[in-house]
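Peer 1: Chains as they are written, first to last, in the numbering used here: chain A, 1 to 522; chain B, 1001 to 1364.
Hints were generated in silico from the structure; no laboratory data involved.
Among the clues, some could well be false.
Label pairs and their in silico Cβ distance ranges [stated by the list, open to error]: (1) F89/A with L1054/B: 56 to 62 Å; (2) Q322/A with R1141/B: 27 to 33 Å; (3) T308/A with N1145/B: 22 to 28 Å; (4) F89/A with D1341/B: 31 to 37 Å; (5) F1210/B with T381/A: 22 to 28 Å; (6) E96/A with L1054/B: 54 to 60 Å; (7) R267/A with P1009/B: 31 to 37 Å; (8) S1340/B with G372/A: 32 to 38 Å; (9) Q322/A with A1016/B: 45 to 51 Å; (10) R230/A with F1350/B: 45 to 51 Å.
All values derive from a computational prediction rather than experimental measurement.
Backbone N, C-alpha and C define an ideal beta-carbon position, used for all residues, glycine too.
Here is what each chain is made of, one letter per residue.
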Amino acid sequence: MGTEATARLELKSITKRFPGVLANDQVSFSVQPGEIHALLGENGAGKSTLVKMIYGIMQPDGGEIRWNGERIVVAHPKAARKLGIGMVFQHFSLFEAMTVLENIALGMDAKIPARELEARIKEVMTQYGLKLEPHRIVSTLSVGERQRIEIVRALLLNPKLLIMDEPTSVLTPQEVEQLFVVLRQLASEGCSILYISHKLHEIKALCHTATILRGGKLVDTCNPSVETSRSMAEKMIGGNLKTIEKAEGRTVGREKLIVNRLNMPARSHFGVSLKDITFTVREGEIFGIAGVAGNGQNALLLALSGETLTDDPGAITVDGAQLGRLTAKQRRLAGVSSVPEERNGHAAVPEFTLADNSVLTARDRLGMVKGGLIDHKAARTYAGEVISTFAVKALGPGSTAGSLSGGNLQKYIMGREIMQNPAVLVVSQPTWGVDAGAAAAIHQALVDLAAAGSAIVVISQDLDELLSLCDTLAVINEGRLSPSMKVADADIEEIGLLMGGVHGDPAATANLHPEPVHAHQA
Amino acid sequence: MRIKLEKRPEPSTLMAFATPIASVLLTMAIGVVVFDALGIKGEKAVIDIFLTPLLSSYKWQDVAVKAAPLIIIALGLSVGNRAQVWNIGAEGQYVIGALAAAGVGIAAGGAGGGIIITLMILAGILGGTFWAVFPAFLKTRLNVNEILTSLMLTYVALQVLGYLVGGPWKDPNGRNFPATAPLHADQTLPILFPGTTVHLGVAIALVLPFVFWLIMSRSVFGFQIRVVGSAPDAARHGGFDAKQTIWLSLLIGGAMAGLAGALEFAGALKAINLGFPSGYGFTAIIVSFLGRLNPIGCLIAGIVLAVTYVGGQVAQTTVHIPNSTAGIFQAMMLFFILASDILIRYRVRFVGSPKLAPMPAAGE
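So that you can see chain B by itself, here it is in the shape it has in the complex (with noise of 0.2 Å):
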């Protein structure tokens, strides 16, 4: 008995809605044997941290406002990822999109209201593309890779954030902490549903997948960047511009990373500290692949890593885990996504190993 690869004459539809939702299962199978191993009630664990979220319905605001950051990042890195352009520092212009927020508000003093905060938006939306110029850049004129730039520049980012909210924006009411002053109560974005935490960037992540959905399936542009991702020579021959692609698909993932940026700072945040970087630039990676890098499957995967960030929390109180688990679970689904991955292009035969016949003493 050996396993065998085969290849399937079509690509499988059935595999590429199966194997996500597989990945998730068999991550909490994993999870329950690997908590056990160690001691912890592995069920009750994963529990909390897959389930726990979802049925109980005071937890579920907290799960639409961590969603939205992720899908709206996912969506941007999904372009790029289907352009076979890798944007790793999302989480960099995501610092800067709600940086260049904070500097409007700022610069705005006390005005508000809602032309403020589209201008707050908008330089979300521009501090993230800003700061994806220099991978672009130097990809397409110096072949150098996306990766270590793009990755490079989040640490820069960092320390933007670190000079900015421990000097000239700092509060001065903060006790001398490094954060920005909270914002105005009117340079916050509005609330969906008075008395809970959901605010506009929920609805705005809610929205854009459909947008999304209709550039990357029906317009000029996302035909471009599937057959850049699937095949550059055809592109080329189909007279697509293969820098012009990598230019736009990372200024949309940095677009997107500094929108979600400004609307996790205006929305729910309202200050700027040292602990603004939450990691969701690098989850939603992950987010974007289990979302098969489709916009839709980019919402859903959102909701789930939400839910694991939020669970995550319930299950360090219930069963004393570190919060730091849900990071755990998040890197195994990412492994068994792109492990199961090839189960779309092949299939698995188990076969017999083949019958050695004795070979008789012929030839010298």
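So that you can see chain A by itself, here it is in the shape it has in the complex (with noise of 0.2 Å):
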């Protein structure tokens, strides 16, 4: 080991092999204490696998994992949250209906008095500065509260090493920012961080050092503040990053979709309703409505693409023509066509081919129906054409949708609606798990398509995305659209505090439960 300190995780040329894919090749890095370590790479890359094998969810097929010098096998999370490894995972664990202090009594390897460990939380909260109410129940906090709970179980075990799995991808900026104080001050008293995550600008805030990987393989640990956010992009795609090409002196036409007081009661207990709706989107214009997770972006999806009705026919028009009482099918006669996020059986069937695929949102528009038989023959050209245009990855227009790859399926997706022309298209998580490359791919097809007079309405949880994709921007909270702003003379602060809404606001929220539930006074 020489002069340097032995290292807090040391992974030597970690392993990992799945049916037909090799998730880990070779894999070695190593974390000092207090660092604060970013693994990057696309989705696919090999990140997630990687950090399971540290935290003990899945063991390597090859390799060592050294801790404090010690070679150690990590049988279980139970075992590694022993050695002082915590882990908050994107995708949190909580029960809706209990308490703050419940979901961490549940989360806890020992049994510890509920009053105990009310004091232990508060000090942990105290010592951080992570607001929290452990009273509180968990249905009723915001995302950036959930992941603060996460974070919480995860300190009061005193971690020597947190790993975090894509924290910011649901967090209002504010509230990244809010992340990455406690995140600095775990480091400087001596734990250390692995951070997962795509966003470049947030790594190169935040981490000292940085891992990329690319196909499994490690490509360079470098430093981000001497590297730009392209120059490890590149890495992170292995090639040149293509920057969205946009037309100089784009202008925008007339008044193309026109949303007004677009109302609609939630689907079910938890949804969101939509409230008093209202925004316009001109020919060529892309236009962006960000947002939190959660706050009704499904519904509006819904709602513009006629999978649930309005009561009021006038509250969407497209040219002037009343849509609101029309069905899906009509809707797509009518030019609007829509992505949903989620790609698997809403957007497309995973076990029917891609010619079958095409014919469920294409049969029409394209004539595909002849005496209500399908031209299977017309499905298969049409797919094999956005299969080429889009270059997706497949084997043809007979593979079956779910033996494509996130980001390829999304592609075919968006190609399948781009190329029938649509006047109006909304998309909602366009690049969502998607690899860079794809993104951009994606992203260009959309501005060709605006370019060529189409309205269109992206849909987003990322903000980067649409700050430099669209034209215009809205902030949707609790089913309520903001006024638009250009996205020349938006302000990132004002954005954020738009997508906070109420939940940014502790009186506001507070005076929803004046009562704490005592529950554990029994």
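Take each chain as given, in its own frame, and dock them per the hints.
Peer 2: Structure, rendered in structure tokens:
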């Protein structure tokens, strides 16, 4: 080891194989005490597999893990926590109907009396400035607050290494800043942090070291403060990053899609109702809708696509034609196409072939039905065109949608809608879970479609995506849409506050539950 | 060593064909073991039930006549099952279809011929359809589970049957037995091969699978049924109406069961008594799954199940086991086919237990 201090965590030639894919191929790197170490890579690069092995969820097929210089086998997550490894997952495992305290108690390996636990939680919260009311019911909390529960849960174990899996994907800019303060304080106290992300500016702002993975292999370990976002992105995708080409001096045409006081009751108990949604999209305009997940984005997409109908026919008009009462099929014929967030089972049928999936949404506009019978040849031809135009990696129109990777299926679905030349295209999370190369291709296709005169609505949680792609922007929060603003003169602080909405204001939420529930005092 | 299920990248076509065959073979093997254990010659029983009906040509007509209603009902049920709409009440729809056909025959009095026979068949289709209206209405309007309503309506249908054959439609010359008068000779379905019992219904059961195959694989309607069954959200996204799908798939199931009832009545039994409901409507559920919800598959599976019916009667006389033994074999087949379904999407792997290296006394 020489003069170098013993690494907190050291991976040597870690290899993990899944059927048909090498998820990690001889990955070696080390994390020092107090270091914030970024693990950077596209979807499918092997980041999650790697941390799952560190946290004991999976076992490596080869290589070794060293902890403070000693070779270890992490048999299960409980063993990892015993060593001092904590993990905050991207998807929280919380019981909605229980309090913060109950949720934390359930997640502890050791049984601690409720009162003692509450005291320790308070201690951790004051130490790191994490605001959380232990007796609030989880279902009333914002996503940022829920993440804080997971962080507190991890911190109660005094971790020596904290693994954070894409922690900022659901946070507002202000919440991200608060999180970074906590992480920096933790690191200064000697806790190592393994920070998984693909958001390059965050890594530049936060991390001391970045390890970049591509296709399961380690590409580089570098210092993010001397790298540029672009250089790291190119290492991540292994090629030159294409920038979106927007025609200079683009002008938008006349008003195309007008949504006027669109109201929609919630579809289920936990659903979000839409309240007086109003916005206008012009020909050639890309209109972005920002917001934290679960604020009515899905309801809005369903209302625009015609999967749910409004009572007011005039709430949605395209070129003056009232669409509010038209079904999804009729709206497609009227030129409104849509791409929902969920690819498998909503935008596409996983067990169907790509050709059959083109029949799903293109059959009427492209005349694939003759006399009640499907023209399978036309469907195959169209699917083949989409595959070649959008460079979809698939064996052919006969491949099932479920056999494609997430990014490729998304390219196919976007292509399937875009090549029908819709007058209005509504897409939700167009690049969610899609690698940078495919995301660039999808963005370019949207820009080109707008240039051809279509009106486009992009619903996304990724604010960076909206800022680079859109002409106009509005923020959705609890089913209400903010007034539109030009992206060119948008203020990121203001957008962040709008995204936080009432959640950002503790005084407002406190009034919702004046009586904390004391379930423990029995 | 432990067994691990691993998801296949694509559903296995080989398994889709292999598992129904394996299910039948497994049923036969288990049958041998079970009957031997019960002190009955298991091998002989299984051969009589599964092979004798196929090997002796004089049993073929029995197989054909029994297969016809099974195939026709299963075709209709497969449409519903594809769309994840579970019609368990085909037996009741079958009975009502037969009663409707009988009603036309009685109303026609002594008249017969092609027109009357056609009307009887149409009445059967309408009767079965009518009986499926109730579950469809309750499901789409009030979200009442169609499994319960369709099954319960079967027992209502049996009461209707009991009332009619014991009351208004009772044969005046029938020595007071609860049964309708036998059909006039020119009201019965034509026999395809003179000297046999193979009636027109058998031909219909041979042609319909190909019609259904065409509809399910080529038409927009078939596409709609498949999408709704595989991914309801995608169906909504594609502009298909879920309620319309429930209505159509239940009504088609009822129509086919009613058709089968009318054909069985006018072709094979020629009178309706309390023993008319023989469980075809329930056995057809097995046919539907053994045939992988595929119309051509239903044709083959219908023949297999008909063989067990005929074979059950053979075994009754040769090895003296109850006729209901066939039911046990049919149930076993359904059990194995449903259990083996998982092999289409998953493969079984035998993996060694992970090497548990000792954990060093690290940490605390």
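Peer 1: Given the hint of 27 to 33 Å, is the C-beta distance from Q322/A to R1141/B inside that range or not?
Peer 2: 28 Å, holds
Peer 1: E96/A and L1054/B, beta-carbon distance inside 54 to 60 Å?
Peer 2: 59 Å, holds
Peer 1: With respect to the beta-carbon atoms only, verify the hint that R267/A and P1009/B lie 31 to 37 Å apart.
Peer 2: 34 Å, holds
Peer 1: 56 to 62 Å was suggested as the range; check whether the CB atoms of F89/A and L1054/B agree with it.
Peer 2: At 58 Å between Cβs, range holds.
Peer 1: If you check the beta carbons of R230/A and F1350/B, does the distance land in 45 to 51 Å?
Peer 2: 49 Å, holds
Peer 1: Against the range 22 to 28 Å, how does the distance between the Cβ atoms of F1210/B and T381/A compare: consistent or not?
Peer 2: Hint holds: Cβ distance 27 Å, inside 22 to 28 Å.
Peer 1: Can the suggested window of 22 to 28 Å be confirmed for the beta-carbon pair T308/A and N1145/B?
Peer 2: Between T308/A and N1145/B, where Cβ atoms are some 24 Å apart, the hint holds.
Peer 1: Using the Cβ atoms, figure out if F89/A sits within 31 to 37 Å of D1341/B.
Peer 2: 32 Å, holds
Peer 1: Lying within 32 to 38 Å: is that true of the beta-carbon distance S1340/B to G372/A?
Peer 2: 35 Å, holds
Peer 1: If you check the beta carbons of Q322/A and A1016/B, does the distance land in 45 to 51 Å?
Peer 2: Cβ of Q322/A to Cβ of A1016/B: about 47 Å, so the range 45 to 51 Å holds.
Checked against the numbered hints above, the structure violates none of them.
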